[in-house]
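These protein sequence lines are chains A and B, in that order. Residues 1 to 292 in my numbering are what the first sequence spells out, letter by letter. Residues 293 to 794 in my numbering are what the second sequence spells out, letter by letter.
Check before you lean on any hint, since a few could be wrong.
In silico DSSO-like cross-links for lysine-lysine, where the CA-CA straight-line distance does not exceed 27 Å [stated by the list, open to error]: (1) B:Lys356 to B:Lys402; (2) A:Lys127 to B:Lys454; (3) B:Lys629 to B:Lys643; (4) A:Lys61 to B:Lys356; (5) A:Lys50 to A:Lys61; (6) B:Lys725 to B:Lys741.
Example chain A residues on the side facing chain B (calculated, C-beta under 7 Å, incomplete) [said to hold, decoys possible]: (7) Thr70; (8) Glu86; (9) Arg89; (10) Glu90; (11) Val138; (12) Val248.
These are calculated hints, taken from the structure and not from any lab test. The structure presented is a predicted model; accordingly, all values stated were derived computationally and were not measured. All C-beta atoms, glycine included, are put in the ideal place defined by N, C-alpha and C.
Listed below are the residues making up each chain.
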Amino acid sequence: MSDGAGRLDVRKTYKLYIGGAFPRSESGRSYEVTAADGRFLANAARASRKDLRDAVVAARKAQPGWAAATAYNRGQVLYRVAEVLEGRREQFAAEVAAAWGVDATAAAGEVDAAIDRWVWYAGWSDKIAVVDGAANPVAGPYFNFSIPEPTGVVGIVAPQTSPLLGLVSVIAPVVVSGNTCVVIASHRMPLPAITLSEVLATSDVPGGVINLLTGHVEELAPHLAGHMDVNAIDLAGVEPDAAAELEVAAADNIKRVLRPPTDGEPDWTAEPDPRRILRFTETKTVWHPMGV
Amino acid sequence: MTTPSEPATSDAAVATISDVPDLITPTWEYAPAPEAREIVTIRSSYGLFVGGEFVESSDGRAFKTVNPASEEVLAEVTEAGPADVDRAVTAARRAYDDVWGPMSGRERAKYLYRIARTIQERARELAVLETLDNGKPIRETRDVDVPLAAAHFFHHAGWADKLAHAGYGADPRPLGVAGQIIPWNFPLLMLAWKIAPALACGNTVVLKPAETTPLSALAFAEICQQADLPPGVVNIVTGAGETGRAVVEHPDVDKVAFTGSTEVGKLIRRAVAGTRKKLTLELGGKAANVVFDDAALDQAVEGIVNGIFFNQGHVCCAGSRLLVQESVVEPVMDRLKRRLGKLRVGDPLDKNTDLGAINSSEQLERITELVEAGAAEGAHLWQAECTLPERGWWFPPTVFTEVSQSHRIAREEIFGPVLSVLTFRTPDEAVDKANNTPYGLSAGVWTEKGSRILWMAQRLRAGVVWANTFNRFDPASPFGGYKESGFGREGGRHGLEAYLDV
């Protein structure tokens, strides 16, 4: 606005989120993000392979500490994300509305569901070992138990059409068990992801636990799938036809792969399945002799 | 192999256990105690087991399976070609659609119980057959392989009618036809690990045993006949890598399960990319076996021996990297070498034999190559003194000391009776060194301190951690790896997931 009566709004520069900081892409590139109606919204950072590698380094560095946190602590951190997100409902509703081309009321439903999803997964932190662990009755004088453990660093290609609820629905089940992650946000609707990282940075999520990249999925995903220090990938936002190539790349270090559904993106508003958490855990079995 | 003289590592001022003369127990010579091989009838040639009967190949050739302890040809076996594999998959699909899929869990369970009992009834025969074809000692087939194989069918039989209680939803469904490929190190046991859960969950199977050890799988086919298992529920296709590839790539196979090398596992992972086939992989390992200075040393030495010399070291979870706390290296090595001097290497059918034959000449070459690399890279080689038979493929118990983490023998899976010894000073260093591998199948910890065991167990990146024991297996206990040791678990409630559509 330049009529002198009003004020010119201060636009936001959207950057990457790596290791708890907000760098621009080292490549200096950006890409234009438009609203559903075609109007210009922002220039988002276009992450490069180097940014992705930096994000993996940050995720790896953060992983042991995050996994070593108590389940109670991780649950509280996830719940804290919901608290901070709740305080910024209006902003997220506006961003989702712009991306989707719906009014703020309709977009608020997506935001509310995303908040509730953090709460839902927060509660799983100290229950996943209860439902998936086991005391195994082996034949012999041994005490034998199995527990789920995080698999390590997880690469996530976020859902392309659900820029906030879908995003939260793939991040929360990965980090609740103690994994850290590198996420490639929705290409066309990346702004809620970067605003979410502002929430993460101001809640209690340690830097590096969640790293968010904006850019071109087809440019970044092959490097994520082939990265030798990534333990698993979630292909939620990948077209089924494009998944095969990524699965091949994932074979280089025997990554755990969660394939995309064949019939398009699922209904993210449906009740989630806690087995999504177990896709990114390992089962460790410990044997110990019994005797006096 | 000649035996180099032992290095003078022990400080003269410190008395080691081998300096103490043993006046109480004289050394007794063992008389030969061979198990009778007449209990086994081996046919001169075998067809494929498809649709409940042994059939001739339509496009395959034949190959020979030999006794690695004598190089004697045991039988001629069919190498299944793509058309044979297709016939087997078709039989499995028909059995799945018409009989096994619709059958109630209660009835499926009874078939599995029958199989378990028949394995027990024919235990001695199976043990001898396995020893003849594989080269492993009769003591191990008799006491480990065959009883555990029966136990796997018995355990999974009970799951067949209780799947709704396994934590995978109220009505978990089977996947369909499972294509399964197993290695030569535990031929019958790996068959049981694969077939028992697959059938319990309602799948039918096409199984390919290893080309050097097909005979116990063919004997198992007869057991399926004795159990009146419906035709096509279990199909056995013998052959080598090409046969396995045909199984993996067959479009009507819904699930692929593989146990074997990481290298082949990666090929299979790529082959199923872009399909909806469910995949589980049990791959290689380079397990650390960590001995702390407060460990009960005699027990630890037994555990070290069991960890790496069990089954000639042909064990993916073998404790091939020994990590000893620096302050006890000398007593541990001293006792270990003394113990290894008592290991009996030779005729696998002799009930006193500890170490049998290497499974194939190819495997012997691989072991030899890596051992030569270890010596060339500067590690110190020690081999137990023993007389090896003239015929057959043999390798003496071998220990490398002065091994560094960059040596090939500390990084690559040798899959033979070769132990690499490294040292550490602090628990943190032990964890770092133990986890310094792309593998993550198993690990061992020896210490009398309970809190340290739990601390170590939490930090070791491995699917199985044995504390004050090693190489224990049980059908109720999940087994499987982290990282490049593969994904999926076998055994217990967790193992069912691999064979259910969840």
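Now the hints, each set against the structure:
With a C-alpha separation of about 36 Å, the suggested pairing of Lys356 of chain B with Lys402 of chain B is violated against the 27 Å cut-off. Distance check on the hinted pair: Lys127 of chain A and Lys454 of chain B sit about 23 Å apart at the alpha-carbon level, within 27 Å; holds. Taken as a hint, the Lys629 of chain B and Lys643 of chain B pair is honoured in the structure, with Cα atoms around 23 Å apart against an allowance of 27 Å. For a cut-off of 27 Å, the pair hint linking Lys61 of chain A to Lys356 of chain B is broken: about 53 Å separates their Cα positions.
Note on Lys50 of chain A and Lys61 of chain A: the hinted pairing holds, with a Cα-Cα distance of about 17 Å set against a maximum of 27 Å. A C-alpha spacing of about 20 Å is found between Lys725 of chain B and Lys741 of chain B, which places the hinted pair at or below 27 Å, so the restraint holds. At about 12 Å, the closest approach between the beta carbon of Thr70 of chain A and any beta carbon in chain B exceeds 7 Å, and the interface hint on this residue is violated. The interface hint given for Glu86 of chain A is violated, since its Cβ lies 33 Å from the closest Cβ of chain B, which is over the 7 Å cut-off.
Contact between Arg89 of chain A and chain B, as hinted, is not supported at the beta carbon level, the nearest pair being about 34 Å apart and thus beyond 7 Å. A hinted interface residue such as Glu90 of chain A counts as satisfied when its beta carbon comes closer than 7 Å to some beta carbon of chain B; here the least separation is about 39 Å, so the hint is violated. Hint status for Val138 of chain A relative to chain B: holds, with the closest Cβ pair at about 4 Å, below 7 Å. Annotation: Val248 of chain A was flagged as interfacial toward chain B, and the flag holds, the nearest CB pair being 5 Å apart, inside 7 Å.
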